[in-house]
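Chain by chain, the residues:
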Amino acid sequence: MSAVAARVVLAFYATCDTPADNTGFLYKKGGRHAAYHRRWFVLRGNMLFYFEDAASREPVGVIILEGCTVELVEAAEEFAFAVRFAGSRARTYVLAAESQAAMEGWVKALSRASFDYLRLVVRELEQQLAAVRAGGGPPPARRPRALPSKENGCAVWSAETPAASVPVRANPGSRPGPEPPPLPPRRRASAPNGPLDSASFAQLHEWYGQEIRALRSQWLSSQAQP
Amino acid sequence: MRYNEKELQALSRQPAEMAAELGMRGPKKGSVVKRRLVKLVVNFLFYFRTDEAEPIGALLLEHCRVTQEEPSGFSISFLEDPERKYHFECCSEEQCQEWMAALRRASYEFMRRSLIFYRNEIQKMTGKDPLEQFGISEEARFQLSSLKA
Numbered sequence: 001m002s003a004v005a006a007r008v009v010l011a012f013y014a015t016c017d018t019p020a021d022n023t024g025f026l027y028k029k030g031g032r033h034a035a036y037h038r039r040w041f042v043l044r045g046n047m048l049f050y051f052e053d054a055a056s057r058e059p060v061g062v063i064i065l066e067g068c069t070v071e072l073v074e075a076a077e078e079f080a081f082a083v084r085f086a087g088s089r090a091r092t093y094v095l096a097a098e099s100q101a102a103m104e105g106w107v108k109a110l111s112r113a114s115f116d117y118l119r120l121v122v123r124e125l126e127q128q129l130a131a132v133r134a135g136g137g138p139p140p141a142r143r144p145r146a147l148p149s150k151e152n153g154c155a156v157w158s159a160e161t162p163a164a165s166v167p168v169r170a171n172p173g174s175r176p177g178p179e180p181p182p183l184p185p186r187r188r189a190s191a192p193n194g195p196l197d198s199a200s201f202a203q204l205h206e207w208y209g210q211e212i213r214a215l216r217s218q219w220l221s222s223q224a225q226p
Numbered sequence: 001m002r003y004n005e006k007e008l009q010a011l012s013r014q015p016a017e018m019a020a021e022l023g024m025r026g027p028k029k030g031s032v033v034k035r036r037l038v039k040l041v042v043n044f045l046f047y048f049r050t051d052e053a054e055p056i057g058a059l060l061l062e063h064c065r066v067t068q069e070e071p072s073g074f075s076i077s078f079l080e081d082p083e084r085k086y087h088f089e090c091c092s093e094e095q096c097q098e099w100m101a102a103l104r105r106a107s108y109e110f111m112r113r114s115l116i117f118y119r120n121e122i123q124k125m126t127g128k129d130p131l132e133q134f135g136i137s138e139e140a141r142f143q144l145s146s147l148k149a
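Sequences listed follow chains Y and H, in order. Mind the numbering: the first sequence is residues 1 to 226 in UniProt numbering, read in order. Mind the numbering: the second sequence is residues 1 to 149 in UniProt numbering, read in order.
One chain only, chain Y, in its complex shape (with noise of 0.2 angstroms):
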């Protein structure tokens, strides 16, 4: 064990009292080939923390869902699906649920489950809100990129519109609802560390990408004036 092990502060999350996002027994097959064992997972956030059973208060162990793919398996096991990351010697996950339904929710919560994931979404929404209120027409036009910039690990979408620079305010009393979120200063980004383990990251930028620039032009032309 690397000397990170004994300073990863996270377990208090297993237990907090944050709603979790979902919970529920699957099976996790221990290794290559190693059995199966049924334990309660919980996922908040972009962590699946797993314990022995429903009522225990420690986690056995914890799976950090950044830079995964989620996919279906074949395996021995009805209703399973993997965790799998990308890198040489990088952990796949073999899971199984008990029910069909359960695998379909499993699959989609774990594949929506991180941060990077909630980043784009929020981002994306903070353009089109940005561009309603200045008057509801379109945002102006992006050069058309192959793939979203890797810059800080996610699509710079904010650094071309100047709509991005609009801030957000809400006046305050006005309108009831959460607080607006502080505006984000401009993307810095560090010196590499390292050759960049990135490959699972582009896969998931350029997937990301290409939905949400699917789904903006879907918005946009819904948004034309008639």
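Because the hints were derived from the structure by calculation, they are not lab data. Hints may contain errors.
[Claimed, not checked] Straight-line C-alpha distance at most 25 angstroms; calculated SDA-like pairs for lysine to any residue: (1) H:Lys34 x Y:Lys28; (2) Y:Lys108 x H:Lys85; (3) H:Lys6 x Y:His37; (4) H:Lys85 x Y:Thr18; (5) H:Lys6 x Y:Arg38; (6) H:Lys28 x H:Gly57; (7) H:Lys124 x H:Ala101; (8) Y:Lys108 x H:Leu131; (9) Y:Lys108 x H:Glu138; (10) Y:Lys28 x Y:Ala80; (11) Y:Lys108 x H:Lys28; (12) Y:Lys108 x H:Glu139; (13) H:Lys85 x Y:Thr15; (14) H:Lys128 x Y:Val132; (15) H:Lys6 x Y:Tyr27; (16) H:Lys124 x Y:Ala134; (17) H:Lys29 x Y:Ala11; (18) H:Lys6 x Y:Arg7; (19) Y:Lys28 x Y:Ala134.
Take the given structure of chain Y and dock chain H to it, following the hints.
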């Protein structure tokens, strides 16, 4: 508790939201300030010895409180254990404010609330639910009702 260590290490090598060399002091009594490379990636704060490529620790930035500490530093503590503070020293007040703002926005919970806010605003102004296009409008985690008062 087991975790997917390789993936966490890979995450620590991803481009960071913020990265800088800061003074860092752990929560144990009597710990001293050490120079560390501190990197914010998604909702993790990694810290490295300044000449090493692998992190020596990581903090998950959920349920945490970021507090200013004089003169130009801040501390991170977790709601479950508020007396245990991780202290960081910046080189200027400006750097300190930048870090504090970035850390407060770095939680999944903050992202989720932002999403709900934007969704609500867009819905009010256009009458349409922007999450429908993503196919996620039914998810419990994105409903207004899931926000605490």
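We went through each hint and held it up to the structure:
Pair hint Lys34 of chain H plus Lys28 of chain Y does not hold up; C-alpha atoms about 41 angstroms apart against a cutoff of 25 angstroms. At most 25 angstroms may separate the alpha-carbon atoms for a hinted pair to count; Lys108 of chain Y and Lys85 of chain H exceed this at roughly 37 angstroms. For the suggested pair Lys6 of chain H and His37 of chain Y, the alpha carbons sit about 22 angstroms apart, so the restraint of at most 25 angstroms is met. Taken as a hint, the Lys85 of chain H and Thr18 of chain Y pair is honoured in the structure, with Cα atoms around 21 angstroms apart against an allowance of 25 angstroms.
Our distance criterion of 25 angstroms between C-alpha atoms is met by Lys6 of chain H and Arg38 of chain Y, whose separation comes to about 24 angstroms. Restraint check for Lys28 of chain H and Gly57 of chain H: the C-alpha separation of about 15 angstroms stays at or below 25 angstroms, so the hint holds. Between Lys124 of chain H and Ala101 of chain H, the direct Cα distance comes to roughly 28 angstroms. Violation of the 25 angstroms bound is thereby established for this hinted pair. For the hint pairing Lys108 of chain Y with Leu131 of chain H, the CA-to-CA distance comes to about 15 angstroms; that is within 25 angstroms, so the pair holds.
Between the alpha carbons of Lys108 of chain Y and Glu138 of chain H the distance comes to roughly 12 angstroms, so the proposed pair stays at or under 25 angstroms and holds. At roughly 9 angstroms between alpha-carbon atoms, Lys28 of chain Y and Ala80 of chain Y fall within 25 angstroms of each other, so this suggested pair holds. Distance hint between Lys108 of chain Y and Lys28 of chain H is unfulfilled; the C-alpha atoms sit about 41 angstroms from each other, more than 25 angstroms. Taken as a hint, the Lys108 of chain Y and Glu139 of chain H pair is honoured in the structure, with Cα atoms around 10 angstroms apart against an allowance of 25 angstroms.
In summary, the hint linking Lys85 of chain H to Thr15 of chain Y is supported, as the alpha carbons are separated by about 20 angstroms, within the 25 angstroms threshold. With a CA separation close to 12 angstroms, the supplied pair Lys128 of chain H and Val132 of chain Y stays within the 25 angstroms bound. Only pairs whose Cα atoms come within 25 angstroms are accepted, and Lys6 of chain H paired with Tyr27 of chain Y is accepted, the gap being roughly 22 angstroms. Between the alpha carbons of Lys124 of chain H and Ala134 of chain Y the distance comes to roughly 15 angstroms, so the proposed pair stays at or under 25 angstroms and holds.
At most 25 angstroms may separate the alpha-carbon atoms for a hinted pair to count; Lys29 of chain H and Ala11 of chain Y meet this at roughly 22 angstroms. The suggested pairing of Lys6 of chain H with Arg7 of chain Y holds, with an alpha-carbon distance near 15 angstroms, which does not exceed 25 angstroms. Using a Cα cut-off of 25 angstroms, the hinted pair Lys28 of chain Y and Ala134 of chain Y is violated, with the two alpha carbons roughly 50 angstroms apart.
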